[in-house]
Amino acid sequence: MKRKKILHQSILTILLIIGAIVMVFPFLYMISTALKGPVFVFEFPPRLIPSNPTLQNFITAITKNNFGLYFWNSTYISILSVSGILLFGSMMAYALARFRFPGRNLVYALILFFMTMPAMSLIVPQFVLANRLNVTDSALGLIFMDMAQNLPFAVFLLEGFIREVPIELEEAAKIDGASPATIFIQIVMPVCKPALATSAIIAFLGVWDEYVWSSTIINTPEKRTIPVAIASFQGVHTTNWGLVFAASLIAVIPVLILFVSLQKYFIKGMTAGAVKG
Amino acid sequence: MKSRDRLFPYLFLLPGLIILIVWLIYPILSALNISLRNWSIMPDAPKPWVGLQNYTRIFSDELFWLSLKNTVFYALVTVIGQLILGLVTALLIDNLTHGKVLFRMLYYLPVVTSWVVVSLLFKFLFNSSGSGLVNFILCDILHLISEPVAWLTEAKTAFVVINSLGIWKGIGFSMIIFLAALQSISLDLYEAAAIDGAGVIKKIQYVTLPGIFPTIITVSVMLLIGAFQTYVPVAMITKGGPLHRTEMVVSYIYGTAFQNLDFGYSAALSYCFALLVFGLSRLQLRIFGRK
Chain E
1 MKRKKILHQS
11 ILTILLIIGA
21 IVMVFPFLYM
31 ISTALKGPVF
41 VFEFPPRLIP
51 SNPTLQNFIT
61 AITKNNFGLY
71 FWNSTYISIL
81 SVSGILLFGS
91 MMAYALARFR
101 FPGRNLVYAL
111 ILFFMTMPAM
121 SLIVPQFVLA
131 NRLNVTDSAL
141 GLIFMDMAQN
151 LPFAVFLLEG
161 FIREVPIELE
171 EAAKIDGASP
181 ATIFIQIVMP
191 VCKPALATSA
201 IIAFLGVWDE
211 YVWSSTIINT
221 PEKRTIPVAI
231 ASFQGVHTTN
241 WGLVFAASLI
251 AVIPVLILFV
261 SLQKYFIKGM
271 TAGAVKG
Chain Z
1 MKSRDRLFPY
11 LFLLPGLIIL
21 IVWLIYPILS
31 ALNISLRNWS
41 IMPDAPKPWV
51 GLQNYTRIFS
61 DELFWLSLKN
71 TVFYALVTVI
81 GQLILGLVTA
91 LLIDNLTHGK
101 VLFRMLYYLP
111 VVTSWVVVSL
121 LFKFLFNSSG
131 SGLVNFILCD
141 ILHLISEPVA
151 WLTEAKTAFV
161 VINSLGIWKG
171 IGFSMIIFLA
181 ALQSISLDLY
191 EAAAIDGAGV
201 IKKIQYVTLP
211 GIFPTIITVS
221 VMLLIGAFQT
231 YVPVAMITKG
241 GPLHRTEMVV
251 SYIYGTAFQN
261 LDFGYSAALS
271 YCFALLVFGL
281 SRLQLRIFGR
291 K
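One line per chain: the protein sequences are E and Z, in this order.
Position one of the first sequence corresponds to residue 1 (the working numbering), numbered consecutively onward.
Position one of the second sequence corresponds to residue 1 (the working numbering), numbered consecutively onward.
If you are wondering where the hints come from, they were derived from the structure by calculation, not from laboratory data.
Small disclaimer: the values here were computed from a predicted structure and weren't measured.
C-beta: ideal position from N, C-alpha, C; glycine also.
Fair warning: there could be bad hints in the mix.
[What the hints assert, rightly or not] Residues from chain Z that face chain E, not an exhaustive set, calculated with beta carbons under 10 Å: (1) LEU13; (2) GLY16; (3) SER119; (4) MET222; (5) GLY241; (6) PHE263.
[Said to hold, decoys possible] Far from chain E by the CB rule (all over 12 Å, computed), these chain Z residues: (7) TRP49; (8) ARG57; (9) SER60.
[Stated by the list, open to error] Heads up, simulated SDA-like pairs for lysine to any residue below, C-alpha to C-alpha not over 20 Å straight-line: (10) LYS2/E / LEU182/Z; (11) LYS239/Z / SER232/E; (12) LYS100/Z / ALA20/E; (13) LYS268/E / MET222/Z; (14) LYS4/E / SER30/Z; (15) LYS5/E / GLY197/Z; (16) LYS64/E / PHE233/E; (17) LYS174/E / THR157/Z; (18) LYS47/Z / GLU62/Z; (19) LYS100/Z / PHE233/E; (20) LYS264/E / LEU182/Z; (21) LYS239/Z / MET222/Z; (22) LYS100/Z / ILE21/E; (23) LYS268/E / THR157/Z; (24) LYS239/Z / ILE217/E; (25) LYS264/E / ALA180/Z; (26) LYS4/E / ALA180/Z; (27) LYS239/Z / THR157/Z; (28) LYS264/E / ILE137/Z; (29) LYS47/Z / LEU129/E; (30) LYS100/Z / ILE253/E.
Work out the full structure: start from the sequences and follow the hints.
If you want it as structure tokens, here you go:
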């Protein structure tokens, strides 16, 4: 019996290792390519361990090509967008979860509708609108859209969370004469920390990786975000793959740090709504 | 006091709602107006009303139908691929005694990496030369082909690249959700099945699959909506080429607006496309009997 169990576990593990190689090997090869000089990128046979490893691609990515600037653009746009999403999202969620008022169901239905609507189907009218509001080629246009795209899911997640929180504490505070705003700031927000963390991560991922809208409205090279910058490293005729992947790796670092340290919240966000239904 | 209380929820909704109204609801309405005109992006240019012309044009637009066909093909292949491989991986990991967290994390890596990065990565792996990694593996290690394949010069092989990327990136996502759903199946059911003499296959067939069936449907709808919106891989890897053969609906809509500057037609296409995706996901839920 015990031997059978060990055999069983070994088969599972071997199958999973084979799958894991398919998942991870492309990334290892990406790291390896980033460490190769241009002449070695397409050497034959391809090598996983570079024969002449060099950090030149990383140095070039950071010092030339304005990459530091793009990193900064992505950083402050992400921080502002995610803060806005969390603040406005939790306010909406609180109103939807704790108050009954005319129009509540309509707003909630809209939130659900926007969560399943294909995001790119509105790009033409949104572009026309951005043009009219004069926010093309500006960070403001990116922040507005990042918030609009990611707000519905944050509201959905936070509303579900607040509804599960026992209401007694809030009612007690109300009897003590606390205003709804005070209750929201001093009681609801602190209790919501786990859901806020989950929403923040999901929103950050969406904003940090957003490509389509940025590549559409940003014309000035200095205003690019990281995904647009990386895409632009792809040359028309030849591509310096070492440089592309060095830049990609730098861009992936913040995401990986968040993912590894906050895996629990990541997974909560991804499974929210799908399992319980 | 009372009236202020009644106003309160609206005040809290206001900032978020303004953003949604301006950037999502207003665009839905303005898209209708744009789609009924010969729209020019120049602010002062005339935008003549053309009625339903942009909509009737769709019927004879061969490129649109090709891109739709490509999208449906991509959706079928990648949704089924992600569902099956995600489910198998979830079942394997769920039955593992050691290393659950590690494997979960490794399979999840492609999910958290941006589409731009993984698309470029796949373009590089499928390089047409003999030292492209996939060619090297197929040619020199497995000896499955005799000479390197120029993957991106033909639509058929280019789709191999795009479809395998779609599956590879999404396995971890469906795996995570299936893993969570598997936790919700009561162990009593497995024990009861074991007492009845059910083996592994029978247990999966009669306990696991029925238990997570609602989740399978939800995931397949999510994946379908995602698959229909695929744009970045096309933009990064093939740019719709050769000769628009690998165009997908969204990349075609995008090109119609921002390369051909035909905003009216692009808006009409978007409308039909959004209705199609919305209808499909409703239908999928209805067929499988979920609210």
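Taking the hints in turn, this is what the structure says about them:
With 10 Å as the threshold, the beta carbon of LEU13/Z comes within range of chain E, its nearest partner Cβ sitting at about 5 Å, so the hint holds. Hint status for GLY16/Z: holds, given a least beta-carbon distance of 4 Å to chain E, under 10 Å. With its C-beta approaching chain E no nearer than about 9 Å, SER119/Z sits inside the 10 Å limit, and its interface hint holds. Evaluation of the MET222/Z hint against chain E yields a held restraint, the C-beta minimum of about 7 Å falling below 10 Å.
Taking 10 Å as the C-beta contact cut-off toward chain E, the hint placing GLY241/Z at the interface is violated, the least distance being around 13 Å. Restraint check, PHE263/Z versus chain E: the minimum CB separation of about 5 Å is within 10 Å; hint holds. The beta carbon of TRP49/Z sits about 16 Å from the closest Cβ of chain E, which is more than 12 Å, so the claim that it is off the interface holds. Taking the minimum C-beta to C-beta distance to chain E, about 15 Å, the non-interface status of ARG57/Z holds against the 12 Å cut.
For SER60/Z, the condition that its CB be more than 12 Å from all CB atoms of chain E holds, with the nearest at approximately 21 Å. For the proposed pair LYS2/E and LEU182/Z, the alpha carbon gap of about 25 Å is over 20 Å, so the pair is violated. Between the alpha carbons of LYS239/Z and SER232/E the distance comes to roughly 14 Å, so the proposed pair stays at or under 20 Å and holds. Taken as a hint, the LYS100/Z and ALA20/E pair is honoured in the structure, with Cα atoms around 12 Å apart against an allowance of 20 Å.
At roughly 16 Å between alpha-carbon atoms, LYS268/E and MET222/Z fall within 20 Å of each other, so this suggested pair holds. Of the pairs offered as hints, the one joining LYS4/E and SER30/Z is violated, with about 65 Å between alpha carbons and a cut-off of 20 Å exceeded. Restraint check: the Cα-Cα separation between LYS5/E and GLY197/Z comes to about 18 Å, which is no more than 20 Å; the hinted pair holds. Of the pairs offered as hints, the one joining LYS64/E and PHE233/E holds, with about 12 Å between alpha carbons and a cut-off of 20 Å not exceeded.
Distance check on the hinted pair: LYS174/E and THR157/Z sit about 65 Å apart at the alpha-carbon level, beyond 20 Å; violated. Taken as a hint, the LYS47/Z and GLU62/Z pair is broken in the structure, with Cα atoms around 26 Å apart against an allowance of 20 Å. For the hint pairing LYS100/Z with PHE233/E, the CA-to-CA distance comes to about 37 Å; that exceeds 20 Å, so the pair is violated. Between LYS264/E and LEU182/Z the CA atoms are separated by roughly 17 Å; this keeps the pair inside 20 Å, and the hint holds.
Annotation: proposed proximity of LYS239/Z to MET222/Z is violated, straight-line Cα distance about 25 Å (limit 20 Å). Pair hint LYS100/Z plus ILE21/E holds up; C-alpha atoms about 16 Å apart against a cutoff of 20 Å. Annotation: proposed proximity of LYS268/E to THR157/Z is violated, straight-line Cα distance about 37 Å (limit 20 Å). For the proposed pair LYS239/Z and ILE217/E, the alpha carbon gap of about 19 Å is at most 20 Å, so the pair holds.
Taking the CA atoms of LYS264/E and ALA180/Z, the gap is near 12 Å; set against the 20 Å cutoff, the hint holds. Proposed proximity of LYS4/E and ALA180/Z is contradicted: the alpha carbons are some 27 Å apart, above 20 Å. For the hint linking LYS239/Z to THR157/Z, the alpha-carbon distance of about 14 Å falls within 20 Å, and the restraint holds. Under the criterion of a C-alpha separation no larger than 20 Å, the hint pairing LYS264/E with ILE137/Z is inconsistent with the structure, at around 36 Å.
Between the alpha carbons of LYS47/Z and LEU129/E the distance comes to roughly 15 Å, so the proposed pair stays at or under 20 Å and holds. Of the pairs offered as hints, the one joining LYS100/Z and ILE253/E is violated, with about 23 Å between alpha carbons and a cut-off of 20 Å exceeded.
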